[in-house]
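**Q** Sequences are here, hints too, so could you generate the full structure?
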Amino acid sequence: MRLLRRGEEKTSTLRRVGCTVQLVAAILGVGLVITLLHARSLMRYGPTDQPALPLDQLATLRRIGVFLGGQQLPRPVNRREPASLELLSRRVELPGDGPNPRLDAWFLQVEQPEGLALVFHDYGQSKADMLEVAASFHDLRYAVLLTDLRASGDSEGLVTSFGWFEADDVARVALRANDFRPAGGRMVLYGLGTGAAAVMRAVADLGVAADGVVLEAPYADLRDFFSARVARTGMIAWPVSRVSLFWAGNSLEFPAAELVPQVIATRVKVPAVVVAGGELTEDDLEAARAVAQALPGSPTLQVVPGAGKPAVLRQGEAWFEVINAFVGRLPPPAGASAAAPVQAAPQTLPDMPE
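FYI, in the numbering used here the residues of the sequence shown are 14 to 367.
Calculated from the structure, these hints are not laboratory results. No experiment lies behind these values; they were computed from the predicted model shown. Heads up, the beta-carbon is just placed ideally off N, CA and C, and yes, glycines get one too.
Pair ranges (Cβ atoms, derived):
#1 R103 x E145: 17 to 25 Å
#2 V172 x E124: 33 to 41 Å
#3 A65 x Q306: 31 to 39 Å
#4 A65 x R103: 29 to 37 Å
No farther apart than 20 Å at their CA atoms in a straight line, the calculated lysine to aspartate or glutamate pairs in the DMTMM-like style are these:
#5 K282 x D181
#6 K282 x D224
#7 K282 x D218
**A** Written out as structure tokens, the structure reads:
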């Protein structure tokens with residue numbers, strides 16, 4: 014009888030252990046699914062007509078869905094054109110090539126240009142959101158090439174890599190920009206948010222040549238980018254954001270842990286300025302400050318009043334003064350004489366698909 018009881022106790026213990034293991038495995042499985050869903054919601058845009066309401070404005074069931082699976086943004090679209098700001102433009106198309114999607118851009122000409130500005134938008138935006146930035150460069154007598162990065166606006170794609178593969182887009186645009194760059198004129202690259210990360214990587218690691226870069230509201234580390242967005246859903250940021258970051262890198266086949274603009278900035282060897290709206294969150298300002306301090310020469314973060322992204326939306330004059338001062342300090346392009354007149358871009362532009 015004693016041996017039988019011991020056998021029953023041992024069997025009961027094994028059953029409890031087995032149940033515990035199964036419960037832990039189930040919890041881990043559910044947790045992995047949640048992190049995968051959060052990663053997918055950040056990487057992949059939803060339908061263009063999908064509303065992106067704040068969490069407190071969602072119905073209860075929808076709020077639970079966002080909590081468990083993340084909040085997917087609608088695919089960015091261009092809801093206005095340069096003509097809305099009385100800017101003359103022409104459409105430019107960069108054909109797709111293998112893994113590189115077709116890109117769509119607007120070229121804004123100006124008489125007797127001082128240079129060419131390449132403008133790149135943030136996550137969840139399109140080139141139409143950068144029209145005020147383009148208009149300000151236009152006022153500085155810069156021609157502008159305004160591009161939809163992959164998965165945005167009129168460009169191809171459904172998924173974003175938060176600046177990694179977008180750096181390849183920047184490199185392609187910079188190469189095509191040689192067709193529009195005025196002889197003897199400077200070329201300045203502007204990026205906002207993830208667009209700033211793409212610009213930094215393109216200049217630091219992909220060999221893109223520029224006379225200066227303007228980085229507005231850059232994030233310092235992709236881990237922080239994920240943490241902030243996971244936290245907005247009400248889900249605990251750690252460890253969900255870390256595992257979601259792993260899923261994103263693994264799914265898109267890029268080293269997500271290496272997308273750290275604060276580190277990439279140390280390899281940027283051209284003049285740079287970092288700009289941020291003064292009413293952004295403290296975390297956003299700290300990230301911009303970290304990137305500024307990491308750049309060679311440690312330029313000071315230029316804080317512009319307001320909280321717009323871009324800040325020119327709220328404080329156009331202050332933003333303009335910062336950019337004007339920066340481009341005014343840029344040295345002449347290599348091989349160009351400081352006293353040599355800048356020639357206008359050709360009036361007859363290369364043939365471009367409409």
